[in-house]
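**Q** Given the coordinates of chain E, work out where chain C should sit on it, guided by the hints.
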Amino acid sequence: MRGLNSFLSGVILILIAMTCISSQAQTRLDNPGSACAGCHRAKATSQPQTPMGRALLLLPGPDSSLKANPKLTFHKGDYTYTVETQGDNSTYSVTDGKGKISSPIHWSFGYGAQTWVFEREGKWYEGLVSYYPNIQGLDITIGDAALTPHTLEEAFGRELLHSEPKDCFGCHATNAAQNGNLNLDSMQPGVRCEHCHVGANTHLLDSLQGQFDSAPPKLGKMTTEDISSFCGQCHRSWEAVVRGHTRGVINVRFQPYRLANSKCFDGADPRISCLACHDPHQDLVREDSSYDGKCLACHGSSAQLASAQLASPQTASASPRPGAKSCPVSKTDCVSCHMPKMTLPGGHMKFTDHEIRVVKAGDPYPD
Amino acid sequence: MTGFAWNAAKWLVVFLLSVGAAAQANPVGFDDLVLKADAAREQNDPAQAIELYRQAVALKPEWPDGWWFLGLLQYGTDSYPEARDALTHYIALTPNAGPAFALRGLCEFETGDYAPSLNDIERGLSLGAANQPRNEKILRYHEALLLTRSGYFEIALQKFAFFAGGKVPNPEFLVGIGLAGLRTPLLPKELRADKQDLYMAVGSAAFHFLSGDEKTAQQEFQDVLQRYPTAANVHYLYGYLQFPRDADAGIAEFKRELDITPASAPVHAMLAWGALIQNKSAEALPYAERAVAEDPALPTGQLVLGRALLETGDVTGGIEHLQKELQLEPNNLEAHLALVKAYSKSGRKEDARRERLLCLEIARGEDAPVARP
Numbered sequence: 002m003r004g005l006n007s008f009l010s011g012v013i014l015i016l017i018a019m020t021c022i023s024s025q026a027q028t029r030l031d032n033p034g035s036a037c038a039g040c041h042r043a044k045a046t047s048q049p050q051t052p053m054g055r056a057l058l059l060l061p062g063p064d065s066s067l068k069a070n071p072k073l074t075f076h077k078g079d080y081t082y083t084v085e086t087q088g089d090n091s092t093y094s095v096t097d098g099k100g101k102i103s104s105p106i107h108w109s110f111g112y113g114a115q116t117w118v119f120e121r122e123g124k125w126y127e128g129l130v131s132y133y134p135n136i137q138g139l140d141i142t143i144g145d146a147a148l149t150p151h152t153l154e155e156a157f158g159r160e161l162l163h164s165e166p167k168d169c170f171g172c173h174a175t176n177a178a179q180n181g182n183l184n185l186d187s188m189q190p191g192v193r194c195e196h197c198h199v200g201a202n203t204h205l206l207d208s209l210q211g212q213f214d215s216a217p218p219k220l221g222k223m224t225t226e227d228i229s230s231f232c233g234q235c236h237r238s239w240e241a242v243v244r245g246h247t248r249g250v251i252n253v254r255f256q257p258y259r260l261a262n263s264k265c266f267d268g269a270d271p272r273i274s275c276l277a278c279h280d281p282h283q284d285l286v287r288e289d290s291s292y293d294g295k296c297l298a299c300h301g302s303s304a305q306l307a308s309a310q311l312a313s314p315q316t317a318s319a320s321p322r323p324g325a326k327s328c329p330v331s332k333t334d335c336v337s338c339h340m341p342k343m344t345l346p347g348g349h350m351k352f353t354d355h356e357i358r359v360v361k362a363g364d365p366y367p368d
Numbered sequence: 024m025t026g027f028a029w030n031a032a033k034w035l036v037v038f039l040l041s042v043g044a045a046a047q048a049n050p051v052g053f054d055d056l057v058l059k060a061d062a063a064r065e066q067n068d069p070a071q072a073i074e075l076y077r078q079a080v081a082l083k084p085e086w087p088d089g090w091w092f093l094g095l096l097q098y099g100t101d102s103y104p105e106a107r108d109a110l111t112h113y114i115a116l117t118p119n120a121g122p123a124f125a126l127r128g129l130c131e132f133e134t135g136d137y138a139p140s141l142n143d144i145e146r147g148l149s150l151g152a153a154n155q156p157r158n159e160k161i162l163r164y165h166e167a168l169l170l171t172r173s174g175y176f177e178i179a180l181q182k183f184a185f186f187a188g189g190k191v192p193n194p195e196f197l198v199g200i201g202l203a204g205l206r207t208p209l210l211p212k213e214l215r216a217d218k219q220d221l222y223m224a225v226g227s228a229a230f231h232f233l234s235g236d237e238k239t240a241q242q243e244f245q246d247v248l249q250r251y252p253t254a255a256n257v258h259y260l261y262g263y264l265q266f267p268r269d270a271d272a273g274i275a276e277f278k279r280e281l282d283i284t285p286a287s288a289p290v291h292a293m294l295a296w297g298a299l300i301q302n303k304s305a306e307a308l309p310y311a312e313r314a315v316a317e318d319p320a321l322p323t324g325q326l327v328l329g330r331a332l333l334e335t336g337d338v339t340g341g342i343e344h345l346q347k348e349l350q351l352e353p354n355n356l357e358a359h360l361a362l363v364k365a366y367s368k369s370g371r372k373e374d375a376r377r378e379r380l381l382c383l384e385i386a387r388g389e390d391a392p393v394a395r396p
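Chains as they are written, first to last, in this note's numbering: chain E, 2 to 368; chain C, 24 to 396.
Only chain E is shown next, with the shape it has when bound in the complex (with noise of 0.2 Å):
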């Protein structure tokens, strides 16, 4: 009898110390953002404020562009869209005249350009319209420009089928799909610490318990090659445009094809990784100049190699590729000429070419 009382009495103060501990960690896992900022202050504060962290917007909420913006309209043949905003609320609606299908605003894709994505009788739709802030209006969503809608329903969106609802979120959002469904009871608006480094809630509520081992693999000691893989889970990995046959200009949006497709990219080389110019913690850094020292790792002289390796300690310990060639022309900018920046027919925006190479006028896009 006294051994099962010291049993039971153990099972007890485990389940309390249990208890404690988990609704501790509960707190901080409805903002594990929050919560892994506890040790990762800086990363896990910048992070969210990133386009990357604001992938998704929920609404109703506080969207500017649209609050901005209250009424927009837009035509494309015998439809005509609308998207109206009143408080928080917006609406998207699109008329042929004789009929109109509404429907609410609750998900917003993309910070800055914004897609709506709409769940209605049972289906997903993309909107056949997004919001684009260069013109402060309406235009095709990118991608849709070849669809001709014969009824009031195909023009209202695209119906996305199979997994494309779920790899929408997926990609957006956090923890959006569990088990291989859509679930979005679960799901976070955009792109969270989560996203990236999985097995992070794990490792936060190990951490409360003096636990570290379970902390999630660093993902800036992925070969370059994983690590545009990686980043192309989203981003659109080279062989997934290999394999969609996404040709033309707007593959330029597809940064690890563009990139790979490069002459000088080596996946063995960590000075061509994605991560060797981009800090997804941080905001992008727009400055051409800003860049310099990434091309200079490899293209540059002795002196400039010394110099780009204090400012990259990613790079510290490489050396000049052998036929890596300096530029006869610049060793500013570099940037502004090898990776011109593209404008997708009706995109309203610009992309870098992440394609390094000689631009050569009159060349045709090599997609």
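A portion of the hints provided could be inaccurate.
[To be verified] Residues from chain E that face chain C, not an exhaustive set, calculated with beta carbons under 7 Å:
#1 H163
#2 E165
#3 A178
#4 G181
#5 T224
#6 E226
#7 E240
#8 V243
#9 G268
[Said to hold, decoys possible] With the Cβ distance kept under 10 Å, some of the chain C side facing chain E (calculated, not the full set):
#10 R268
#11 D269
#12 D271
#13 E357
#14 V363
#15 R376
#16 I385
#17 R387
Worth flagging that the hints you see were computed from the coordinates, not collected in a lab. Every residue, glycine too, gets a C-beta built ideally from N, C-alpha and C.
**A** Relative to chain E, chain C alone:
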């Protein structure tokens, strides 16, 4: 010859005769013979025309038109070996004649020379023999049958997909799809009579699926499974069809198939592939190893094992199996894609770049996105 094939062949002959071959200058002494042969052909007297063309090419063997008409007329009168030989003469004189390759392939189909038949039909198609919708149907149908008989079941299903959405010409067509789907290397005419019902039912279900009518397909697959619960490869086929759009549903069917055919290399290979595309390489590895153990000559098995090894850290082993795959299928895009990654990760920059360029070239030559190994 089967009814469908016979009608198709007749139509093909009429069409090709009407097109004719480019006229060539006839040597002195041949004119009369050729005029008579042409007249006999135009008067639908094939026996006389064949005899006259035969005399003409005997006198002047380098006259391609004579061999062409001789081959066409002999094919039209079911003289397949003779037609094949005449077309061989024609091809020797006119090496890029797609229709001649295609017609010789159809002759070889009838004489039972299936391997050269497949080669010739594919060569003919690549040289533009499918220049009319009807021709294309005839050739692609025979190509699909021959691919099935040669064991290229997945490619055969892709060829049958060409007919999706159209009318089913006859029961034999459905049996053909059933043979490809159930991985049975036979022609419809070679299938035992007591098996026809199963294969036709499976072919019908698969055809509905390929045509986009998944609801009817699902019902028909369920009916087949009720009637033939232990039939091999029905679950595999249903899973294979579902896999590109719903990998989880496909994987569930593959696992059901393992209960019926536990030693199936293709099923293990597809389970490995399913795990790989879900980034579960450790889970994929034992399936891939079993697939190769069961059938080392199965290209998909070598592919999945190469990828599983590569993604679990054994780059050298991965490259070895990927190269084995490419010995079996030199233009397999998935194997080249995996080699890109293997070379790239192991610092073989130039090899990786060469493979990348090769992948782009292969992808540009393909008709549609690749979703399966």
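**Q** Hint check: is the beta carbon of E:G268 less than 7 Å from a beta carbon of chain C?
**A** Interface hint status for E:G268: holds (3 Å vs cutoff 7 Å).
**Q** Given a cut of 7 Å on the nearest C-beta pair, is the interface hint for E:E240 held or broken against chain C?
**A** Interface hint status for E:E240: holds (5 Å vs cutoff 7 Å).
**Q** Quick check on the hint: E:G181 CB to chain C CB, less than 7 Å?
**A** 5 Å, holds
**Q** C:E357 was flagged as interface toward chain E. Is the shortest Cβ-Cβ separation under 10 Å?
**A** 8 Å, holds
**Q** Grab the minimum C-beta distance from C:I385 to chain E and call the hint holds if it beats 10 Å, violated otherwise.
**A** 9 Å, holds
**Q** Does the nearest C-beta of chain C fall within a distance shorter than 7 Å of the C-beta of E:T224?
**A** 5 Å, holds
**Q** A closest beta-carbon separation below 10 Å is what the hint needs, so does C:R268 meet it against chain E?
**A** Hint on C:R268: holds, closest Cβ of chain E at ~5 Å, below 10 Å.
**Q** Per the CB criterion, is E:E226 less than 7 Å away from chain C?
**A** 4 Å, holds
**Q** Should the hint that C:R376 touches chain E count as held when the rule is a Cβ pair under 10 Å?
**A** 7 Å, holds
**Q** For the hint on C:D269, just tell me whether its beta-carbon gets within less than 10 Å of chain E.
**A** Where the cut-off is 10 Å and the nearest Cβ of chain E is about 6 Å from C:D269, the hint holds.
**Q** Against chain E, run the beta carbon of C:R387 and see if the smallest gap drops under 10 Å.
**A** Since the shortest Cβ distance to chain E is 8 Å, the answer is holds.
**Q** If you take the shortest Cβ to Cβ gap from C:D271 to chain E, is it below 10 Å?
**A** With a closest approach of 5 Å, the C:D271 hint holds.
Hints 2, 3 from the earlier list are contradicted by this structure; the remaining hints agree with it.
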